[in-house]
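K.L.:
Can you build the whole structure from these sequences, using the hints too?
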Amino acid sequence: MARGRGRKPTQQPAPPRTAGRRAVPVNFRDDPGSGEELDFTPLDEHSADEDVQRPISPASVEPVAGSAASTRPVTPSERASEPSRSRTAPDIDFFFECGSKAPPVSRTLCKLCRANGIDLRQGAGSFSASTSNGPLRNHLLSRHKDPYLQKCREMRWKVPALASETGTAPVPHGTQHPPFSQEALIQHLLNFIVADDQRIPFTDAQKRVMKGDSNSHLVGRHVMVTHGNFRGYRGRVKSTIGEKRVFVELEALLQRPQILDISSLHIIADESLQHPRPRELLTDFTYPLEPAPPPGTLAGFLFPGYPLPDSQPSIPYPAPFRAQTPAIAGPSTPLPNLEDIPMTPAWNPSSQTPRRGNDASSPYWLRDGCFANMRLSLRLINTKPNFHKGEHEDKCGEFKGVVGDVVKVQLGFKVLEVPFPYLIPERPECKSQVVTAFTGPHKGSQFRIKEFGEEFCGCSILRSTTLLRKVDVKIATNELVVT
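Just so you know, we're using my numbering here: the sequence shown kicks off at 1 and counts up by one.
Just so you know, not all the hints are guaranteed correct.
[As the list claims (entries may be wrong)] Derived DSBU-like pairs (lysine-lysine); straight-line CA-CA distance at most 35 angstroms:
(1) Lys395 x Lys408
(2) Lys431 x Lys408
(3) Lys145 x Lys101
(4) Lys389 x Lys450
(5) Lys443 x Lys414
(6) Lys400 x Lys431
(7) Lys400 x Lys474
(8) Lys244 x Lys431
(9) Lys158 x Lys101
(10) Lys414 x Lys389
(11) Lys244 x Lys474
(12) Lys450 x Lys238
(13) Lys238 x Lys158
(14) Lys408 x Lys450
(15) Lys389 x Lys408
(16) Lys450 x Lys474
(17) Lys389 x Lys474
(18) Lys244 x Lys158
(19) Lys450 x Lys414
(20) Lys414 x Lys244
(21) Lys238 x Lys408
(22) Lys384 x Lys238
(23) Lys450 x Lys470
(24) Lys450 x Lys431
(25) Lys431 x Lys443
(26) Lys400 x Lys389
(27) Lys145 x Lys111
(28) Lys443 x Lys238
(29) Lys238 x Lys111
(30) Lys400 x Lys384
(31) Lys145 x Lys158
(32) Lys400 x Lys238
(33) Lys389 x Lys470
(34) Lys384 x Lys408
(35) Lys408 x Lys474
(36) Lys443 x Lys400
(37) Lys470 x Lys414
(38) Lys400 x Lys414
(39) Lys395 x Lys384
Source of the hints: derived by calculation from the structure; they are not laboratory data.
P.N.:
See below:
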């Protein structure tokens, strides 16, 4: 015990060096005096089997005798503060001074910006240490494109900028593209379809466009409907639909287009107010039409080529009766012409009693501005089968206005546009009715009937201020319309 106190402990010899523990020499890319960064390639300093046997190395190790070089191991704090970049981005390591996230925190700086005298404090070439390679490369391409790409080509670095340049072969000098034309495009498409045997399913509309529409010549023509719900209406063809139908913009429906069959239309050759001649249909076959009013009459002037309804119901008329006088000698009185003999229709027990006022003329006087916004009663007559197939026959509606050649009449909750020939004014039938005079010196004035008569009515002014109304004027019954 006493002898052991004075003795010094023997120093353990250092473990022998192996090939895996040799220090890696420092590689200088260029002259360090030029301000460029040194490349310390991080390699594993220990072998796999040596890590298990070797104890934790101290902060400093004495040099081994006979060693050609002596190295000082780097402490853990110094190793953590060294900036490192991925070996897959050598261009970033070459052109930037990489910053550090560990204290002391530093920023990544562009070497080219600093060499050009740019103040890095302004943020032009200064980036955060966590900035990825993409923004750094964008900075080099935007501010130092030529030296950056030249260096990448010399060092054969695989960067995205060079990959995009080599991805597309350059166009040979002198090669010119032909000018674009629709014919050339169609020809190229046909060549592709034939070469590749492509079967493209075309719709019917596309096939008509490709082969040409056979009814395209009808667009813009002035036509008139010959049968159907809109028989007698005039309009203009706006477009074609298929092979048998067209879009017609009817004048009587406030420019609202309707889909009609071509066979139900005929072209109005002359669009003036004269009678259209000849009456040629859109198709080749003939279609029987009702006779139009002659051009010399008022109806022919207002409705050129317009089929008017019959003035009397369709009742069979018997042959005219002529009483024969026995032949006597001497000169005889000549019989009148057949056109001059009035014909009376035969009595039909199933026919209805004619309504009072059915012999009235069509209310063309509604065009006068004095009847605007007035509530007048109008009755529809002789609508079978030309107007809506007689659905509104003998119905009474309220006058709403005039649009062109038709009258807007409200029947219940809907408003119809009825041509003038299918309307007559509703005449009064008893006293106390409010009426309006549509002709004569009192045209446009409203009255109340005090004395009713078949020929004349005693009327008092509707806006009279007297409490006891009296007969102010007598007006013919056929000149009044119920309000």
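K.L.:
Each hint should be assessed against the structure and marked as holding or not.
P.N.:
Going through the hints against the structure:
The straight-line distance between the Cα atoms of lysine 395 and lysine 408 is roughly 14 angstroms, inside the 35 angstroms bound, and the hint therefore holds. Under the criterion of a C-alpha separation no larger than 35 angstroms, the hint pairing lysine 431 with lysine 408 is consistent with the structure, at around 28 angstroms. Distance restraint check for lysine 145 and lysine 101: the Cα-Cα separation of roughly 28 angstroms lies within the 35 angstroms cut-off, and the hinted pair is therefore satisfied. Distance hint between lysine 389 and lysine 450 is unfulfilled; the C-alpha atoms sit about 40 angstroms from each other, more than 35 angstroms.
Annotation: proposed proximity of lysine 443 to lysine 414 holds, straight-line Cα distance about 29 angstroms (limit 35 angstroms). A threshold of 35 angstroms between alpha carbons decides the hint, and for lysine 400 with lysine 431 the separation of about 25 angstroms falls inside it, so the pair holds. A threshold of 35 angstroms between alpha carbons decides the hint, and for lysine 400 with lysine 474 the separation of about 28 angstroms falls inside it, so the pair holds. For a cut-off of 35 angstroms, the pair hint linking lysine 244 to lysine 431 is broken: about 56 angstroms separates their Cα positions.
Only pairs whose Cα atoms come within 35 angstroms are accepted, and lysine 158 paired with lysine 101 is accepted, the gap being roughly 27 angstroms. For the proposed pair lysine 414 and lysine 389, the alpha carbon gap of about 17 angstroms is at most 35 angstroms, so the pair holds. Between lysine 244 and lysine 474 the alpha-carbon distance is near 59 angstroms, which puts this suggested pair outside the 35 angstroms criterion. In summary, the hint linking lysine 450 to lysine 238 is not supported, as the alpha carbons are separated by about 55 angstroms, beyond the 35 angstroms threshold.
Between the alpha carbons of lysine 238 and lysine 158 the distance comes to roughly 65 angstroms, so the proposed pair goes past 35 angstroms and is violated. A hinted pair counts as satisfied when its Cα atoms are at most 35 angstroms apart, and lysine 408 with lysine 450 qualifies at roughly 31 angstroms. Between lysine 389 and lysine 408 the alpha-carbon distance is near 18 angstroms, which keeps this suggested pair within the 35 angstroms criterion. This hinted pair checks out: lysine 450 and lysine 474 have alpha carbons roughly 10 angstroms apart, not beyond 35 angstroms.
Taken as a hint, the lysine 389 and lysine 474 pair is broken in the structure, with Cα atoms around 40 angstroms apart against an allowance of 35 angstroms. Using a Cα cut-off of 35 angstroms, the hinted pair lysine 244 and lysine 158 is violated, with the two alpha carbons roughly 68 angstroms apart. This hinted pair checks out: lysine 450 and lysine 414 have alpha carbons roughly 34 angstroms apart, not beyond 35 angstroms. Taken as a hint, the lysine 414 and lysine 244 pair is honoured in the structure, with Cα atoms around 30 angstroms apart against an allowance of 35 angstroms.
At roughly 24 angstroms between alpha-carbon atoms, lysine 238 and lysine 408 fall within 35 angstroms of each other, so this suggested pair holds. For the suggested pair lysine 384 and lysine 238, the alpha carbons sit about 29 angstroms apart, so the restraint of at most 35 angstroms is met. As the CA atoms of lysine 450 and lysine 470 are separated by approximately 7 angstroms, the hinted pair is consistent with the 35 angstroms bound. The straight-line distance between the Cα atoms of lysine 450 and lysine 431 is roughly 6 angstroms, inside the 35 angstroms bound, and the hint therefore holds.
For the suggested pair lysine 431 and lysine 443, the alpha carbons sit about 20 angstroms apart, so the restraint of at most 35 angstroms is met. About 23 angstroms separates the Cα atoms of lysine 400 and lysine 389, which keeps this hinted pair within 35 angstroms; it holds. Our distance criterion of 35 angstroms between C-alpha atoms is met by lysine 145 and lysine 111, whose separation comes to about 14 angstroms. A distance of roughly 42 angstroms separates the Cα atoms of lysine 443 and lysine 238; the hinted pair therefore is violated under the 35 angstroms criterion.
Between the alpha carbons of lysine 238 and lysine 111 the distance comes to roughly 73 angstroms, so the proposed pair goes past 35 angstroms and is violated. Our distance criterion of 35 angstroms between C-alpha atoms is met by lysine 400 and lysine 384, whose separation comes to about 23 angstroms. Under the criterion of a C-alpha separation no larger than 35 angstroms, the hint pairing lysine 145 with lysine 158 is consistent with the structure, at around 15 angstroms. Under the criterion of a C-alpha separation no larger than 35 angstroms, the hint pairing lysine 400 with lysine 238 is consistent with the structure, at around 28 angstroms.
As the CA atoms of lysine 389 and lysine 470 are separated by approximately 46 angstroms, the hinted pair breaks the 35 angstroms bound. Under the criterion of a C-alpha separation no larger than 35 angstroms, the hint pairing lysine 384 with lysine 408 is consistent with the structure, at around 19 angstroms. Straight-line distance between C-alpha atoms of lysine 408 and lysine 474 comes to about 31 angstroms, which keeps the hinted pair within the 35 angstroms bound. For a cut-off of 35 angstroms, the pair hint linking lysine 443 to lysine 400 stands: about 18 angstroms separates their Cα positions.
For the suggested pair lysine 470 and lysine 414, the alpha carbons sit about 39 angstroms apart, so the restraint of at most 35 angstroms is broken. With a CA separation close to 11 angstroms, the supplied pair lysine 400 and lysine 414 stays within the 35 angstroms bound. Between lysine 395 and lysine 384 the alpha-carbon distance is near 13 angstroms, which keeps this suggested pair within the 35 angstroms criterion.
In summary, the structure is inconsistent with hints 4, 8, 11, 12, 13, 17, 18, 28, 29, 33 and 37 from the numbered list given earlier, while agreeing with the others.
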